[in-house]
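A.B. asks: Spelled out, the chains give:
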Amino acid sequence: MMDRSTALLCGRLRTARKPEDVFGPIAEGPLSERLLAVKHVFNNFVVLLHPDRNPDVTDAGQHVARLKDLRAAAEKLLKDGTYGKPRRATLTAVLRSRAGTYKVLEEFRVGDIADLFIGETDETRCLLKVVRQPRDNDLLDIEARTLAALHGETGEKATVFQKYLPKLLDSFALIESGGRQRKVNVLNVADGYYSLAEVREAYPDGLDTRDAAWMIRRAFEVLSWIHDLGYVHGAVLPEHVLVHPQKHGARLVGWSYAVRTGMRLTAISASRKDMYPASVLRREPATPALDIQLAGQCALLLLSDRVGKLRADVPKDVVTFFEHCCKGKTENGAEAYCTYDELLKKNFGKRTYRAFAMPSR
Amino acid sequence: MKEEEVEMGYSGWSDDAYKHISTPRRSMDADAVRSKVFSTSLKPSLDPKGVKVRESRDSTDHPESNAIGVLFDVTGSMGSVPIEFAQHKLGGLMTMLVEKGVIPHPQVLMGAIGDAYTDTTPFQVGQFESGIEMDKCLTDIYIEGNGGGQVSESYGLAHYFFARHTATDCWEKRGKKGYLFTLGDEMVHPQITSEEALAIFGDTLQADEKVVDLIRECESRYNVFHIVVGKTSHGDEPRILAHWRELLNERALKLDQPENVCEMIAATIGLCEGHSIDDVGAVLRGAGASAGAVKSVTGAIVPLRDALARSAPGSIVGDLPASDKSGGTVRL
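Protein sequences, first through last, are from chains A and B.
Position one of the first sequence corresponds to residue 1 (the numbering used here), numbered consecutively onward.
Position one of the second sequence corresponds to residue 362 (the numbering used here), numbered consecutively onward.
Simulated from the structure, these hints should not be mistaken for laboratory data.
Do not take every clue at face value.
[Unchecked claim] Here are the simulated BS3-like cross-link-like pairs (lysine-lysine), alpha carbons at most 27 angstroms apart as the crow flies:
#1 A:K167 / A:K157
#2 A:K103 / B:K686
#3 B:K615 / A:K167
#4 A:K68 / A:K85
#5 B:K615 / B:K592
#6 A:K273 / B:K534
#7 A:K346 / A:K316
#8 A:K273 / B:K686
#9 A:K350 / A:K157
#10 A:K345 / A:K157
#11 A:K273 / A:K345
#12 A:K350 / A:K163
Kindly produce the complete structure, drawing on both the sequences and the hints.
C.D. replies: See the structure below:
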């Protein structure tokens, strides 16, 4: 059993958000003396955590690593003259899990459930998805579990389609003051990708059917794979389908709502509530047709102008097909992909590469 | 362990008060306890029918409450476990949880599980309690003692109830999961039928519910465990543990000696709360557990420790305030 001071220290290290939480107040004075004060406290704490002194401390290595982080942060603040003073929230946070250390670089997006930051780990950029409300931790759990399962699949198809998903680099709960836990998922960044919502913003009069063609086809393709594996994405929304203009690549993100086929969705995106069919709100079991219903609406959105009027040059049978999808009459990704592909061939002939560009950001 | 919290004092659980009510039972034989201490029919306070929600909430005395459900199989030979609990064990469990600082501010809900096919009272559920009232919930249980020869009981009723009819501040305010323990010696009936849901809970379901799905639903807000109790009718048959391992992996725990049940619960919670196996063992010893009991219990939770190590919490230096966006999702 560890002694009282060590127990206190471990508790503080677990919940500290800033160096002051561990090093306490440091008297005003010359910088060198103040740095020395931090060093003394640091050394005392390291002794407490040493296995010779306290063999019962679990994860002593992690505690010491964290203590080092906090000391470095304290020294920086002392040099800046802001130690112990109220500071503007700055993005100088460093997250540390069992698997890695993540420096927060900049804000990226504010999602439905999580705040997204660009971070850095081992000199590689990454995406840090931090849940806003602790009660939504379960949704980030779902994302982590689903991505891990899908990336665990093997075979030819898996190799192809895993590239259409974010990679899960890490997943952990961040323990904050007051015992609050916020879940963090670390994903690889999607440089050069734009969401369909952003694409639509950039083309307020709607896209040419031939430009939308590859974007929608890619979405159907990846959906056909996950449907075969028994998953429903549950949130195929304009914010969650990303496309790469030059590479004609795609990525399906936002896996927090995913379920196994036949289960009910636990949550939906509030801002896109109108896109979901009534069956979801009635809590009926989710089927692959739901994903196609949502994808069909994404397609119609891309092909419409800012007041929601379809472009005149969209072939009639293509419109009919998407409307069919929206009514839940197309069963799954495979069926949608085949039907759509046929329609495109019929209307536009053989597939050709068509350059598509987004205005520079 | 967390000695500073002991000094701050938790007002909820009082050992002296508990000794006062439990001492007379200690000398009684099991049959007498069953008929004189426990209820002899379903108490309305434990009837789940029409219960909208059982809540575990923070209060001034318990600012960071932690919800814990302990639901006993009360069929056949398993009925002896809650009896033993009421005679000798509840006090020990609360001492470990509260005084030894295994988990701050535990709020324990006790309940009982039977067999929806053969029992008149297949499910009973108390309230989340911090204090001695939990003994009242425990002894209000009616130990019907039937059970139906299929080597399966309706443990899924507990998962159904926790998934659909509980609310906790530990989750809603802090994103921290509560604990759900079911204890028994048999397998679980694979479904909750809509007839059962209507008869037992008064709930109208669109279709039967698979227990495996209900367990997953529970797991979003609770650490879900099942303790297979040995030295019982079926608890030592390998297929029982194998069945639960399929459902819960390392969270299906085998308890060799039924009398160590509270040690097992305390040790499991301790591990999940971030304490080491050695710390947990020291707590058990400190609360009077024998060397054999400590060895048996800590041995059973090694796979759990290894799994937990893979999901250890992270920490933060600096500030990462949440943006002020709210209501991004609608729960269904």
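A.B. asks: Hint by hint, which ones does this structure get wrong, listed from lowest number up?
C.D. replies: 3, 11
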